[in-house]
Amino acid sequence: MQNRKQILGTSGEDIAVDYLISQGYVVFDRNWRSKTGEIDIVASEPLNASTELIFVEVKTRSSRDFGDPIEAISATKYLRMYRLALEWLSENSANREPWRLDIISIVISKEHEIEIDHLKRVCA
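Per the numbering used here, the very first residue in the sequence shown carries number 7; after that it's consecutive.
Because the hints were derived from the structure by calculation, they are not lab data.
Among the clues, some could well be false.
Claimed, not checked - Only pairs whose alpha carbons sit at most 30 Å apart, straight line, appear in this in silico BS3-like list of lysine-lysine:
(1) K83 x K41
(2) K126 x K116
(3) K11 x K83
(4) K126 x K41
(5) K116 x K83
(6) K83 x K126
(7) K11 x K116
(8) K41 x K11
(9) K126 x K11
What the hints assert, rightly or not - Label pairs and their computed distance ranges (CB to CB):
(10) S96 x V32: 14 to 24 Å
(11) K41 x S115: 17 to 27 Å
(12) L92 x V33: 11 to 21 Å
(13) P52 x L125: 17 to 27 Å
(14) H124 x T82: 15 to 25 Å
(15) D20 x V128: 14 to 24 Å
(16) E58 x E117: 29 to 39 Å
(17) S96 x R70: 32 to 42 Å
(18) F72 x N98: 28 to 38 Å
(19) K116 x D20: 17 to 27 Å
All C-beta atoms in this analysis are idealised placements derived from N, C-alpha and C, irrespective of residue type, glycine included.
With these hints in hand, go ahead and build the complete structure from the sequences.
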């Protein structure tokens with residue numbers, strides 16, 4: 007059984023996938039896990055479906071009381087995201103260049119209002 011934080015995180019990831027698809031992105035993988043961590047979403051942009059892969063970290067909060075969700079991503083997390091992307095590429099025999107790291111920040115208010123901020127190329 008999921009706790010409140012896990013439910014919020016799963017809801018945020020669902021919203022992020024729906025957002026990407028609505029923008030024409032192609033989603034290849036979701037919640038990919040390795041021994042060192044997890045990649046929330048692997049996708050590609052509509053015009054670049056055969057070239058650029060995008061590794062997406064989703065951060066979700068129920069308010070901005072403790073800051074923007076993006077502020078929860080430290081330098082250590084960026085490095086982990088980078089290493090996980092390399093692992094995914096290796097495991098999936100995907101020698102695709104270029105690729106990039108994106109962050110999708112989601113705030114779901116108590117009134118169920120949703121704010122989405124998509125930061126592209128946070129690290130490439």
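Hints and how they fare:
Straight-line distance between C-alpha atoms of K83 and K41 comes to about 15 Å, which keeps the hinted pair within the 30 Å bound. With a C-alpha separation of about 27 Å, the suggested pair K126 and K116 falls inside the 30 Å cut-off, and the hint holds. About 19 Å separates the Cα atoms of K11 and K83, which keeps this hinted pair within 30 Å; it holds. About 26 Å separates the Cα atoms of K126 and K41, which keeps this hinted pair within 30 Å; it holds.
Our distance criterion of 30 Å between C-alpha atoms is met by K116 and K83, whose separation comes to about 28 Å. Using a Cα cut-off of 30 Å, the hinted pair K83 and K126 holds, with the two alpha carbons roughly 16 Å apart. A threshold of 30 Å between alpha carbons decides the hint, and for K11 with K116 the separation of about 14 Å falls inside it, so the pair holds. Of the pairs offered as hints, the one joining K41 and K11 holds, with about 22 Å between alpha carbons and a cut-off of 30 Å not exceeded.
Distance check on the hinted pair: K126 and K11 sit about 25 Å apart at the alpha-carbon level, within 30 Å; holds. Our hint of 14 to 24 Å for S96 and V32 holds, since their Cβ atoms are close to 21 Å apart. With their beta carbons about 36 Å apart, K41 and S115 fall outside the hinted range of 17 to 27 Å. For the hinted restraint 11 to 21 Å between L92 and V33, the CB-CB distance of approximately 20 Å keeps it satisfied.
For P52 paired with L125, a C-beta distance near 18 Å keeps the hint of 17 to 27 Å intact. The hinted window of 15 to 25 Å between H124 and T82 holds, with their beta carbons roughly 22 Å apart. For D20 paired with V128, a C-beta distance near 22 Å keeps the hint of 14 to 24 Å intact. The hinted window of 29 to 39 Å between E58 and E117 holds, with their beta carbons roughly 36 Å apart.
Roughly 37 Å separates the CB atoms of S96 and R70, a value that falls within the hinted 32 to 42 Å. Distance hint check: the CB atoms of F72 and N98 are about 36 Å apart, consistent with the given range 28 to 38 Å. The given range of 17 to 27 Å is respected by K116 and D20, whose C-beta atoms sit roughly 18 Å from each other.
The earlier numbered hint that this structure contradicts is number 11, and it is the only one.
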